[in-house]
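2 protein chains.
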Amino acid sequence: MGKHHYVAIMAGGIGSRFWPMSRTDFPKQFLDILNTGRTLIQGTYDRFAKFIPAENIYIVTSAQYRDLVIKQLPELSEDNILCEPSRKNTAPCVAYISYKLYQKDPAANLICAPADHIVTDIEGFKNVCENALHFTSHIKALVTLGIKPTHPNTGYGYIQFEQQPVTENVYKVKTFTEKPDKELAKTFLASGDFLWNAGIFVWQVKNIIKAFEKLLPEIHELFEQEKVNFNSNKEKESIERIYPQCVNISIDYGIMEKADNVYVIPSSFGWSDLGTWASAYENLEKDYLENAVAGNNVMVIDATKNVIHADNKKLVLLQGLDDFIVVDTKDVLLICKKDKEQTIKEYVAEVKRNKGDKYL
Amino acid sequence: MGKHHYVAIMAGGIGSRFWPMSRTDFPKQFLDILNTGRTLIQGTYDRFAKFIPAENIYIVTSAQYRDLVIKQLPELSEDNILCEPSRKNTAPCVAYISYKLYQKDPAANLICAPADHIVTDIEGFKNVCENALHFTSHIKALVTLGIKPTHPNTGYGYIQFEQQPVTENVYKVKTFTEKPDKELAKTFLASGDFLWNAGIFVWQVKNIIKAFEKLLPEIHELFEQEKVNFNSNKEKESIERIYPQCVNISIDYGIMEKADNVYVIPSSFGWSDLGTWASAYENLEKDYLENAVAGNNVMVIDATKNVIHADNKKLVLLQGLDDFIVVDTKDVLLICKKDKEQTIKEYVAEVKRNKGDKYL
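From first to last, the protein sequence lines are chains A and B. Residues in the first sequence are numbered consecutively from 1, following the numbering used here. Residues in the second sequence are numbered consecutively from 1, following the numbering used here.
The reader is advised that the hints may include incorrect statements.
Intra- or inter-copy, both count: the list cannot distinguish identical chains.
[Claimed, not checked] The list that follows gives simulated cross-link-like pairs (lysine to any residue, SDA-like), each with its CA atoms no further than 20 Å apart: (1) K305 / G320; (2) K126 / E285; (3) K340 / T304; (4) K340 / M299; (5) K352 / D302; (6) K286 / I301; (7) K345 / G320; (8) K206 / R241; (9) K286 / V170; (10) K330 / D311; (11) K355 / Q319; (12) K313 / D25; (13) K3 / N89; (14) K337 / G320; (15) K186 / D252; (16) K338 / V300; (17) K314 / L76; (18) K206 / S137; (19) K345 / T329; (20) K258 / Q160; (21) K338 / A54; (22) K314 / D25; (23) K206 / I139; (24) K50 / T36; (25) K305 / K337; (26) K314 / E350.
Hints are computed from structural coordinates only; laboratory data are not their basis.
Let the sequences and hints guide you as you build the complete structure.
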């Protein structure tokens, strides 16, 4: 394991598309959505622990989730948990870990990855990451992992890449495209030169800092001013000064789409962002009626292709329902059509309007 | 109020067709299925208390439900709660109250009525009952109240009656027919000489005792032997001797269908036996999408004609469901098509096979 290899697992999201299973005070990344016995953040940690030194694994999360991280990852040093005082999207999150690491190890070579994705081919994932780390250790590059698309998914961003590799399996990125409509997604798939944007990035921190300086100079300024405090007992104070002044912007929009040194590694390691119940459904084990059932006490009669989540103690008897999402928690029951799950965020907003934060 | 007028409210059922709202240890008659603010047994008590002296109102129930009766009907003397040691259908239940009352008041004129029906026209109900009590006080008759049918219901028994009344609005019964199929029910309705069997009976106890003597002599024998103990501190012992020896048989099958002195009073007092969720649905208030919702915290989106029951504390968000029954309790969630509710009893049996009594 390279001593300059680091990973920042980004775990600050609230996972509202998995409501009511995912809750503001206990979001998706801390849940075992696929019934594997490990939560998503634990799975992500396990994946990186295979090739990143334990002391180089960092979690960037919201202060609110610090205790959950400590509880779910007892093997992690508490010093490796970075707490954001407010949600500012991914650019400030990446800046925080990068400027901090740079103070500590100017040669730090960093992977930034979401805590709530899944990967089924762990070995393949490791190989791609190590290939990326090798590339970024030599080249002043910002690398993103691109997933070879298997279907015209309209929920993902797409990356178009040059057809000639710059080195083995590394390609220059031409364009990023946000979630396309079905027709466009089909065209992308047919063309063969588009990949899904997995939101997993690899770079030397010195190079992402250069990118911040050029493309997000306000953020650069804020972190640059306070850098001497990082890795000291003044870090928390510094961060609390920086965050309220930071713009809320994604690393994709703020840097990746604008930088001229972005590369992609086309990959296939059984990836899913588990962004929706439909993608969870794809990855869940299903019974002979194609129901994906979580809960030891679920009885299904004349019902097919449902996703059902319930507490093990609760008896669920479900008859005559096809293609539905049924999620039963202690205080919320959601029943909605599987193809309406993109609107779960709207339902959550509606619940907020009607009931306040109580059920979020 | 006639001092010889009595009512026995039969409250020993387990209401399994309303599972999981109705539970073995807290069955339907003790629930406020229609959100009226009073449970079904309370509503039944209120109805009779308008024209039967309070001290003449009796509840016959299972020993298991004695405490529930005391709690829900605090105005009732505990001496007026008759506890059956086991479930033996309605004939032993009717025998118990009848032989007991006969010892106390040989002129007792008794209404036997289920605890879990509803009546919307309370005044009309009172008038019919008083008419029946008047008739049975003069004639050696077994009277049943017949409901003028409004649709070809296949869940009810039907009563065919002679076209000539024996006195004002009282008719001799020709035949009883158990739940008919749809076609037969339509024929019954068209013929005009069929009524629904409401299972509400009126007779002098001395006359029903004569009927037992003739038609169910084994039951008569058992109660006759022990009659001296009724209304004494030996009653409980006696009943515990009688019940294990009693056959399990309904009063309809054991007596009404065979006796030659059975009369019916055609009635219309907004009656429902609330035998199924569909009949509850008919009687529940509905929103503009025709959903019958119980629970303060239910949000319905693009969903129509559902029956939804949930605890007030539980948030239920329901989308895209039509014609379903959704009942959420602390430990059971039932989702099934409204037209499949006749099979709820089968589901309950299936639950019993798989999970034992825990969820019943």
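Query raised in the report: For K314 vs L76, is the C-alpha pair at or below 20 Å within one copy, between two copies, both, or neither?
Result: neither (34 Å within a copy, 37 Å between copies)
Requested in this report: Using 20 Å as the alpha carbon limit, work out where K355 and Q319 are close: within a copy, between copies, both or neither.
Outcome: Classified as between: cross-chain Cα gap 18 Å, same-chain 30 Å, threshold 20 Å.
Report task. Could you place K50 and T36 in one of the four classes (within, between, both, neither) given a Cα distance threshold of 20 Å? Result -> within (18 Å within a copy, 62 Å between copies)
**Report entry** Alpha-carbon proximity between K313 and D25, which holds within one copy, between copies, both or neither at 20 Å
**Finding:** Between copies only: 19 Å across chains, 22 Å inside a chain, cut-off 20 Å.
Query - Alpha-carbon proximity context of K206 and R241, limit 20 Å - result: neither (23 Å within a copy, 92 Å between copies)
Requested in this report: At 20 Å max between alpha carbons, let me know whether K305 reaches K337 within a copy, between copies, both or neither.
Outcome: both (11 Å within a copy, 17 Å between copies)
Requested in this report: Please work out whether the CA atoms of K314 and D25 approach to 20 Å or closer within one copy, between two copies, in both situations, or in neither?
Outcome: between (22 Å within a copy, 18 Å between copies)
Report task. With 20 Å as the alpha-carbon cut-off, assign the pair K314 and E350 to within, between, both or neither. Result -> Answer is between; shortest inter-copy Cα gap is 16 Å, intra-copy 27 Å.
Requested in this report: Since the copies are identical, ignore which copy is meant and state whether K340 and T304 lie within 20 Å (CA to CA) inside a copy, between copies, both or neither.
Outcome: Both, since 17 Å and 16 Å are each at most 20 Å.
Query raised in the report: Between the shortest in-copy and the shortest cross-copy C-alpha distance, which are at most 20 Å for K340 and M299: within, between, both, or neither?
Result: Cα proximity of K340 and M299: across copies only (15 Å, versus 24 Å in one copy).
Query raised in the report: Given a CA cutoff of 20 Å, do K345 and T329 count as a within-copy pair, a between-copy pair, both, or neither?
Result: Within. Shortest intra-copy distance 17 Å satisfies the 20 Å Cα cut-off; inter-copy 26 Å does not.
Report task. Could you figure out if K206 and I139 sit no more than 20 Å apart (CA to CA) within one copy, between two copies, both or neither? Result -> Within one copy only: 12 Å inside, 105 Å across.
In terms of the numbered hints stated before, the structure departs from hints 2, 8, 9, 13, 15, 17 and 21, listed from lowest to highest.
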